[in-house]
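Novice: The chain contents come next:
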Amino acid sequence: MTGAPEPPTSGPPVPAAAWAGDEPLVFELSADVEGGPREVECGVPELPLEQLLPGVALRTRPAAIPAVPEPVLARHLGRLARRNHSLHQGIYPLGSCTMKYNPAVDEELAGLDGFADLHPYQDGDDVQGALQLMWELERHLCEITGMARISLQPAAGAHGEWTGLRMIQAYHAARGDTRRTRVLIPDSAHGTNPASAAMAGLEVMTIRSNADGTVDVADVSRQLDSSVAAIMMTNPNTLGVFEKDILEIAGIAHQAGSLLYYDGANLNALVGLARPGDMGFDVVHLNLHKTFSTPHGGGGPGSGPVGVAESLVAFLPVPTVERDGDRFVLDHDRPQSIGKVRSYYGNFGMLVRAYAYIRAYGSSISEVAQDAVLNARYLQARLRHLFPMAVTSDSMHEFVASTRGSRVEGLRAIDVAKRLLDYGVYAPTAYFPTTVPEALMFEPTETESKRSLDLLASICDAIVAEAERDLDYVKSAPHQTPVSRVDEVEAARRPVLRWKPEA
Amino acid sequence: MAYLPNGADERRQMLEIVGASSVDDLFAAVPDRLRHHRLDLPAPLAEQDLVAELERLAARNHPLGELDSFLGAGVYRRYIPAIVRAAVARPEFYTAYTPYQAEASQGTLQTIFEFQSMICDLTGLDVANASLYDGATATAEGVMMAVAHTGRNRVIVAADLHPETLAVIRTYTRGRGVEVLTSDDASRTVGAEDACVVVAQPGFFGTVDEIGPAAQAARAAGAVSICCADPIACTLLVPPGDLGFDITTGDGQPLGIAPSFGGPHLGFMAVRQELMRRMPGRLVGLARDHHGRRAYALTLQAREQHIRREKATSNICTNHALTALAATVYMARMGAGGLRRVAEVSAQRAHHLAARLSGLDGISLAEPDRPYLWEFALRVTGDARDFARAMRREGIVAGLPLGGVAPGRSDQILVCCTETSTPASLDRYVTAASRVVARAEVNR
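Protein sequences, first through last, are from chains A and B.
Residue numbering for the first sequence is 804 to 1306, as defined by this note's numbering.
Residue numbering for the second sequence is 852 to 1295, as defined by this note's numbering.
Be a bit skeptical, because a hint or two may be false.
As the list claims (entries may be wrong) - Derived DMTMM-like pairs: lysine to aspartate or glutamate, alpha-carbon spacing no greater than 20 Å straight-line: (1) A:Lys1303 with A:Glu826; (2) B:Lys1162 with A:Asp825; (3) A:Lys1047 with A:Asp1022; (4) A:Lys1303 with B:Glu1125; (5) A:Lys1278 with A:Asp1290; (6) A:Lys1253 with B:Asp860; (7) A:Lys1303 with B:Asp875; (8) A:Lys1047 with B:Asp876; (9) A:Lys1303 with A:Glu831; (10) A:Lys1253 with B:Glu861; (11) A:Lys1303 with B:Asp1093; (12) A:Lys1047 with A:Asp1081; (13) A:Lys1303 with A:Asp825; (14) A:Lys1047 with A:Asp1019; (15) A:Lys1278 with A:Glu1291; (16) A:Lys1253 with B:Asp875; (17) A:Lys1047 with A:Glu1006; (18) B:Lys1162 with A:Asp990; (19) A:Lys1253 with B:Glu867; (20) A:Lys1047 with B:Asp1093; (21) A:Lys1047 with B:Asp883.
Claimed, not checked - So the derived list for chain A, only partly shown, Cβ under 10 Å to chain B, looks like this: (22) Glu826; (23) Glu844; (24) Cys845; (25) Ile868; (26) Pro869; (27) His879; (28) Glu910; (29) Gln931; (30) Gly1101; (31) Val1132; (32) Asp1134; (33) Asp1225.
The hints are simulated quantities; they were obtained by calculation from the structure and are not laboratory data.
Keep in mind it's a predicted model, so treat the numbers as computed, not measured.
Glycine is no exception: its CB is placed at the ideal position from the N, C-alpha and C atoms.
Let the sequences and hints guide you as you build the complete structure.
Specialist: So, in structure tokens, the structure goes:
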């Protein structure tokens, strides 16, 4: 991204580069709401609509959606594409999001007619390959996580969390234990954890973290009682630190009758090397769009399979995929199931990509975790002289730095984040976890080369040096992006959430 | 290996800077007994072997394009213009994530703003969000919004809501002390104890009923009205907002998104202004940059989980931005006029097929007096599954046998036409059906 023009003081704007100026909305590109592209021939005798739909009130005022001529639309999309940072342009170290490269072949494979052109209600005989893929993917994910069974149904990580909590509730209820209405969640947890608990009707209790960033076992013990349904943990946690006391926590949780929930957002640090099931977790959700490389899509679609230990298998959402000899079938007849959590069987297109990703690495998948951790540790080592780290313990696939205590007083996380954009780098996750002031959470992932990490380190060096010379310049960044710093406060004060036709 | 750019040299140099003697050292915090050294996974594959493996699985399926398919029931095989696929195949869109940094994400943000605007126009409502997972979860979220908004604990759901949507509403409400009641006439059932009424347009069996009274009855009872609508149908029928509905939800799959064995599709939701702050999900708003230029940003984030945690309106984070982009491009390519033409062609062909089929002995329309759009329930002689199997042997996916979803309808099959159901395929349906019926007659 280069060369956003200074705004002209008068007259119509003349952008320096054609794509850099204001991009019209599709509504400004065409006013044709009646016509449209060349119509397909109906090919059967047409009846008047009043005869076709007797007594039905038809729309008289067309929706204000213009048909944009294809060449105009193509350029609109091209110009918008240039206004986006993406993985194909530069490093995307957005912590906790695992922005790794999405293999080109996986996109092709998911688009095969044999996958994309299948209807969920086709007869089982016509979709054996799809069911087999789901069955095999479940087996591979079980092996990777150490869980007994996995539902591929949830559409995203948060959806998997809520699904997992619903199963935990069903588990306790089936045992006649109806007092368990609370969930313990660390203060450093992703916001989705408490939000999912609330959606399941559970009360959220916060667990404190130690100075080393791990969960305070004493605080867990203090809060554990017969009202606790589950403890939700992320391991490594959002500071990138492995929860070294995990086996002890699992022990005391189970002793108190609570279950242990694993937020799989950070599995990239451990994939192939250590398994949540072995750590004592009873329920695990995965983010296929993180660890298993399905594209993030600008905000989804993702996929959030959820796995369970043997004791919770009966509660999995319906349907499950079962093998019957060399045939694969959907099993809807599971009386203890929590029910359906979405329509059909999951984000199948994402499952194809994740399956292909796992098959490409196969038994060597631990190399992913090894390089992910090495890359993060290396980047952290290269940035230590610039930013204090949130914790002294060794981090794994991501780390949290803080601008508080850097050599430039007044340099804030948002300033570094915005200035990075000028250098063609997406910003790390900023101001999260909330337990760390001025937090910048870096997760480079295993698909960045050393050269790319060196570049990012030298850019951070340059930004701190710039801030020393001219803090205001850094504070008013970005300067090179298609738009400069966006006034989000004003946008929220008077929300305009849609284009409206002029009255 | 597969997608790892660093080699042994780089790793050695990096370990040196880190101050570790081996990669294993980096995992020192993980107790030995947790280190799993051999996973039972298949051997790694070279790209061409991977492709062969997946093509082998794909070949075990029979995609709709190989057959004459008349399956609908919530998932529609509509024509997807090439520019839709070209747009979602751009890495600038598909490899980015949630546009947290507005200045480097204007492309995604503007397309979402366009999507929100189009959904508002389609549904006749004030505010639409950036997307939800699918039509079923969008409707369930709408129900939970209504429960929170009214403080009431019963919901009335039309009996002809999509069965998957009803099932998901049940899962979302169970454990929250919310009772779900299905009704054949929601407008007469809704009362002062109800949080909301949910109706479908069209209904699961393809029919179009007068749904306005349900919205008015809900309003009179102080309840929220929710319409679960097909987006293409919104171009032909009076939109739900104009009929008085407070919330419209639905699945955007018909808007340029492949069936893909049930997902990913696209949940959408539009609401009246008063409900804006109760909405789940991302919202993109118009903004200005420091030079006063037009820009877009995520807004009203105080509703969301990453700010409000357990007090958020929903837990949704990752939604369905890329399929929302597909829908945006599809709608911009077609325009309201083109969308309406899609609706009309589908309806014309469905009525043409229905008329010809009901002329065959042993076949009739299940509900001949109710208007329908492009899907209709056909009554056959005997179990509809047998009819479907016999038709499949003729290369035709005749529709969805209804016994599995509606116990009283085991002799019915739900038949769907779209603009991809060619006149020639309609002819083949009729020819095959007459053969199947004749054979059944002989065997009786």
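Novice: Of all the hints numbered above, which does this structure not satisfy? Sort the numbers upward.
Specialist: 2, 7, 17, 20, 31 and 32
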